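Protein chains: 2
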Amino acid sequence: MATDASFHVFDTTLRDGAQREGISFSVADKLAVARLLDEIGVGYIEGGWPGALPKDTEFFARARTELKLRHAVLVAFGSTRRAGVRVEDDPQVQALLDAETPVVCLVAKSDVRHVREALRTTLEENLAMVADTVAHLVAHGRRVFVDCEHFFDGYAADPDHGVAVLRAAFDAGAEVGVLCDTNGGMLPMGVGRVVADVRSRVDGRLGIHCQDDTGCAVANSLAAVEAGVTHVQGTANGYGERAGNADTFALVANLVTKMGLPVVPDGCLPELQRVSHAIAELANIAPDDHQPFVGASAFAHKAGLHASAIKVSPELYNHLDPAVVGNDMRILVTEMAGRASVELKGRELGVDLDGHGDVVGRVVDRVKVLEAEGWSFEAADASFELLLRAALPEAPPPLFELESYKTSVEHSRTGDVVSEATVKVHVDGERVISTAEGNGPVNALDNALRQALVSRHPRLADVSLADYKVRILGWKGGTGATTRVLVDTTDGVGEWTTVGVHANIVEASWHALVDALTYAVRHR
Amino acid sequence: MATDASFHVFDTTLRDGAQREGISFSVADKLAVARLLDEIGVGYIEGGWPGALPKDTEFFARARTELKLRHAVLVAFGSTRRAGVRVEDDPQVQALLDAETPVVCLVAKSDVRHVREALRTTLEENLAMVADTVAHLVAHGRRVFVDCEHFFDGYAADPDHGVAVLRAAFDAGAEVGVLCDTNGGMLPMGVGRVVADVRSRVDGRLGIHCQDDTGCAVANSLAAVEAGVTHVQGTANGYGERAGNADTFALVANLVTKMGLPVVPDGCLPELQRVSHAIAELANIAPDDHQPFVGASAFAHKAGLHASAIKVSPELYNHLDPAVVGNDMRILVTEMAGRASVELKGRELGVDLDGHGDVVGRVVDRVKVLEAEGWSFEAADASFELLLRAALPEAPPPLFELESYKTSVEHSRTGDVVSEATVKVHVDGERVISTAEGNGPVNALDNALRQALVSRHPRLADVSLADYKVRILGWKGGTGATTRVLVDTTDGVGEWTTVGVHANIVEASWHALVDALTYAVRHR
Chain C
1 MATDASFHVF
11 DTTLRDGAQR
21 EGISFSVADK
31 LAVARLLDEI
41 GVGYIEGGWP
51 GALPKDTEFF
61 ARARTELKLR
71 HAVLVAFGST
81 RRAGVRVEDD
91 PQVQALLDAE
101 TPVVCLVAKS
111 DVRHVREALR
121 TTLEENLAMV
131 ADTVAHLVAH
141 GRRVFVDCEH
151 FFDGYAADPD
161 HGVAVLRAAF
171 DAGAEVGVLC
181 DTNGGMLPMG
191 VGRVVADVRS
201 RVDGRLGIHC
211 QDDTGCAVAN
221 SLAAVEAGVT
231 HVQGTANGYG
241 ERAGNADTFA
251 LVANLVTKMG
261 LPVVPDGCLP
271 ELQRVSHAIA
281 ELANIAPDDH
291 QPFVGASAFA
301 HKAGLHASAI
311 KVSPELYNHL
321 DPAVVGNDMR
331 ILVTEMAGRA
341 SVELKGRELG
351 VDLDGHGDVV
361 GRVVDRVKVL
371 EAEGWSFEAA
381 DASFELLLRA
391 ALPEAPPPLF
401 ELESYKTSVE
411 HSRTGDVVSE
421 ATVKVHVDGE
431 RVISTAEGNG
441 PVNALDNALR
451 QALVSRHPRL
461 ADVSLADYKV
471 RILGWKGGTG
481 ATTRVLVDTT
491 DGVGEWTTVG
501 VHANIVEASW
511 HALVDALTYA
521 VRHR
Chain L
1 MATDASFHVF
11 DTTLRDGAQR
21 EGISFSVADK
31 LAVARLLDEI
41 GVGYIEGGWP
51 GALPKDTEFF
61 ARARTELKLR
71 HAVLVAFGST
81 RRAGVRVEDD
91 PQVQALLDAE
101 TPVVCLVAKS
111 DVRHVREALR
121 TTLEENLAMV
131 ADTVAHLVAH
141 GRRVFVDCEH
151 FFDGYAADPD
161 HGVAVLRAAF
171 DAGAEVGVLC
181 DTNGGMLPMG
191 VGRVVADVRS
201 RVDGRLGIHC
211 QDDTGCAVAN
221 SLAAVEAGVT
231 HVQGTANGYG
241 ERAGNADTFA
251 LVANLVTKMG
261 LPVVPDGCLP
271 ELQRVSHAIA
281 ELANIAPDDH
291 QPFVGASAFA
301 HKAGLHASAI
311 KVSPELYNHL
321 DPAVVGNDMR
331 ILVTEMAGRA
341 SVELKGRELG
351 VDLDGHGDVV
361 GRVVDRVKVL
371 EAEGWSFEAA
381 DASFELLLRA
391 ALPEAPPPLF
401 ELESYKTSVE
411 HSRTGDVVSE
421 ATVKVHVDGE
431 RVISTAEGNG
441 PVNALDNALR
451 QALVSRHPRL
461 ADVSLADYKV
471 RILGWKGGTG
481 ATTRVLVDTT
491 DGVGEWTTVG
501 VHANIVEASW
511 HALVDALTYA
521 VRHR
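Chains as they are written, first to last, in the working numbering: chain C, 1 to 524; chain L, 1 to 524.
If we strip away everything but chain C, and leave its shape as in the complex, we get (with noise of 0.2 angstroms):
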């Protein structure tokens, strides 16, 4: 549980980022996020808005019996009272109240253009309004925490109101008075500046919560770290309206192991990726490979240009261990692929090349004409590894051999669509004629060629397409450009990548296959 003296991590995916566009969250995935929350350790997790949005109300409703956290403490966001209208009169207030959280977090107005042209009201009522809607929560035990909307853009309108209306807040018993950068237009000198002004001026823990309009939301975020601020605010991947919030991930990362601020209990750090990808699921968003810290791709090392440095001082390359956040380093196969990047990947793909340098040579040639053809084979971990072992001596014979294929499309007089597909192989020195249908002509083709294959080999009962990537590369007219075609398989277990490139679709979908069905027989 977060005490006064510490530094506090306020997660706010479940209010502020779900304001992006896109995301809806069911109760049951706010209590679920809630949890991932809690395993990383933030402090504070702000739910939602009761009694302005049904499915939050439910959410505070149902989180007392059902919602058990070992780290954090829940928060409901809301509004000051109306202007001109008594406090306990106010229903939004009432609905604060009856979420029965520990710790509320109010909106106020802080910048006097809002005040006036928004809300239509005088500053002197403002400051009221703020100072009567934190007496009344702190009166009926809550902890409160106010959140300066659009203070930035207002301290550089009057830089008085705004400390104006932290004091009336601190006065009336708040614990955090929140800047926030609303509009997101800030940078990290700026709040460095007017955070060192504000700290001067007004006693009482001070938070920052920043959009990431700039694109530099966590910047921001440090900056007024290290000018006194001691609450941070952020979403999980950084969700949020417009270009989205900070990163609560990439913040809390920063502020532990670039910072020194041990904003985390132990062992939360190493939970980071898990979760973020965990969150990324519930809100049905494709996780960022790219993103800071838990990317799949951070720690991802191109380029035989290092890759023999790499072997020798990972530290000389990366900024940080991976494994201190959940991830870990990856070495990728490209045009620049040397001997090293080679050896490096067949190790970490468990292939062992000690002894066969003329193998580790064959197989930098191959990649390298087919690369210039269009293939890749970065994001196809198991076409590579077959590649691999397929160049060894005791290499195993095909799976199968084909004699021919046929697939179609047929868009039929009742206005069905239906596709259908032969393969005629060779399995084991036995001829197999399969047909069978799919919503595609690639699936279809995969459904006949599994049906021939699977009771030589019953694994690939379980076996299924999971994902299914097209790119045309280098359209030169009518005459056709080449298409790669990246494969998605999973057995219900894990999942694996497999390409195949050819001027037709569907035979460069063919070789991602029959890539994808060997992979499952030989190595899973």
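Covered, in the sense of this in silico footprint (three residues per stretch, anywhere, with C-beta under 8 angstroms from a C-beta of chain C), are these stretches of chain L:
no. : stretch
1   : 182–189
2   : 240–248
3   : 254–263
4   : 438–450
Sample of chain L residues facing chain C (criterion: CB under 8 angstroms; computed from the structure):
no. : residue
5   : E117
6   : G215
7   : A219
8   : A298
9   : A300
10  : A503
No wet-lab data here; the hints were simulated from the structure. Here the structure is a predicted model, which means the values were calculated and not measured. No residue lacks a Cβ here, since even glycine has one placed at the ideal position from N, Cα and C.
Chain C is fixed; fit chain L onto it per the hints.
Just chain L, lined up with the frame of chain C:
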């Protein structure tokens, strides 16, 4: 053309950005990217590493005759001479000269540990490598910039060698010494301190190159500018290894609109969004809707909350007028916005919707239904125009009635891969059966359909596919996802784009093809 006095905006999409996992630019792509970067007024375009990468060698050769730049100059990248080798004997350095660019950018080690452990040489030899190579290139008439690799980590280990490298470079005639945060582990406050210190110890133009491993690349670059740097490096959309590089578009937008530095010529800033999206297309990477400044959602506000306030005073809610960077404000999820968009778009496409309020309403509803199914008209103006016109009272009948089609791909016993398609259509009451081949199932279908229609519509003889893009949406496991196909068609004079969506890739392509040919006949 950039002069010595100006601020340098240096883009390395084609060299460092191309290191991103999954990017593979053809030479044609590289030329197209260079033209686009020129359109936003960058001063320097680092085109690649001649000698080391065959495609880059070819790029520089073709650029000499095929690339006409208005604002930028081309830069060739490479390394200093190898240790113990004379500069005039080093083929890598000769390759830099052979590229015949006005500017060369050299990468030099500036971290003592890298000099000793990775290069396995002495600090003195490292300084000689820098001086010799710079002097050699300057003597051959090149302007030389020097990237000081691992500068910040090196500075922490030994602040003197990095400074010595800078001095050696400047003394030998280099124009810029670029401080590179190669491992990406810096935060802005630290960058500012190091740059200020270096600025006080070294004369000569300093530059900054940041990687995004802590999520602070843009902020770090701006902090460096505030501390005295006058040359910033970035990549389009922040593409690059691991977590990527500083995003050139965010750098430029921040420098101009937040820091008051006119780093690109007038009229270039409004091209930012268009160029960002076009380069994403060339890289075959889906644009990031939440990217600062240029993302489709960067200025999108959820309605209801403050839609009325936004209409009154947009500057209270936007940190910047979106039009400055070629973007626009979107109000999400309101019927009013839907109608306004349709009317605006109709006007833009030359469709007169006056007095057809009911039509507008029906189109809005239809678009919402289609978009929920995966259709997107943002990039398919021709399909949208056909949809609009089809909703008007005097809408013409379809070009033909489809009876059926069939398309197949066969991989024969002899190893040939053949695609064939047959369409059965009714054209002006006459039944036509047409069969054609192609290099894929869709190309065959396109050839068969055009063949069926060309005698009735002779202008189709000049029409052909120019590009074909496939995106698989929302994969739901083996039951199949939705496929969205975008088809670019040309008549040799102009191009137009149409869209099709269906679970079956061929049926999706069919829709896009029919729209493409209908548009060709009616509106070209």
